[in-house]
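Note that the sequence shown covers residues 1 to 64 in full-length UniProt numbering.
Hints in this document: simulated from the structure, not taken from any laboratory.
Glycine included, every Cβ here is placed at the ideal spot set by N, Cα and C.
A hint or two may mislead.
Quick list of simulated restraints, FRET-style, between CB atoms [claimed, not checked]:
1) H28 / P3: 35 to 41 Å
2) H5 / Q30: 37 to 43 Å
3) I60 / A16: 17 to 23 Å
4) G57 / F37: 18 to 24 Å
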Amino acid sequence: GEPAHVAKYAFQLAQAFNNFYHQYPVIHEQNREKRVFLLWMTDFFRRQLEWTAEILGIPIPDYM
Numbered sequence: 001g002e003p004a005h006v007a008k009y010a011f012q013l014a015q016a017f018n019n020f021y022h023q024y025p026v027i028h029e030q031n032r033e034k035r036v037f038l039l040w041m042t043d044f045f046r047r048q049l050e051w052t053a054e055i056l057g058i059p060i061p062d063y064m
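Could you build the full structure based on these sequences and the hints that come with them?
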């Protein structure tokens, strides 16, 4: 595929994560099971964004 498609996917994924995080504030979740699931979802988004950045040749900082 074209890099533009991957970049568009990464942008849409970042937007989706932003919406997700504002709708479900992970660190403030009191229910342990729900918090674990939200943390899993956060990690899923992170892995997907790292994968798209790697494809596009964008370096990922170790810490932000």
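Does the Cβ pair H5, Q30 satisfy 37 to 43 Å? Given a distance of about 40 Å, which is inside 37 to 43 Å, the answer is holds.
For the pair H28 and P3, does the Cβ-Cβ distance stay inside 35 to 41 Å? holds (37 Å)
Using the beta carbons of G57 and F37, state whether their distance is inside 18 to 24 Å or not. violated (33 Å)
Taking the Cβ atom of I60 and the Cβ atom of A16, is their distance within the range 17 to 23 Å? The hint (17 to 23 Å, Cβ to Cβ) holds, given that I60 and A16 are roughly 19 Å apart.
Of the numbered hints given earlier, the model fails hint 4 alone.
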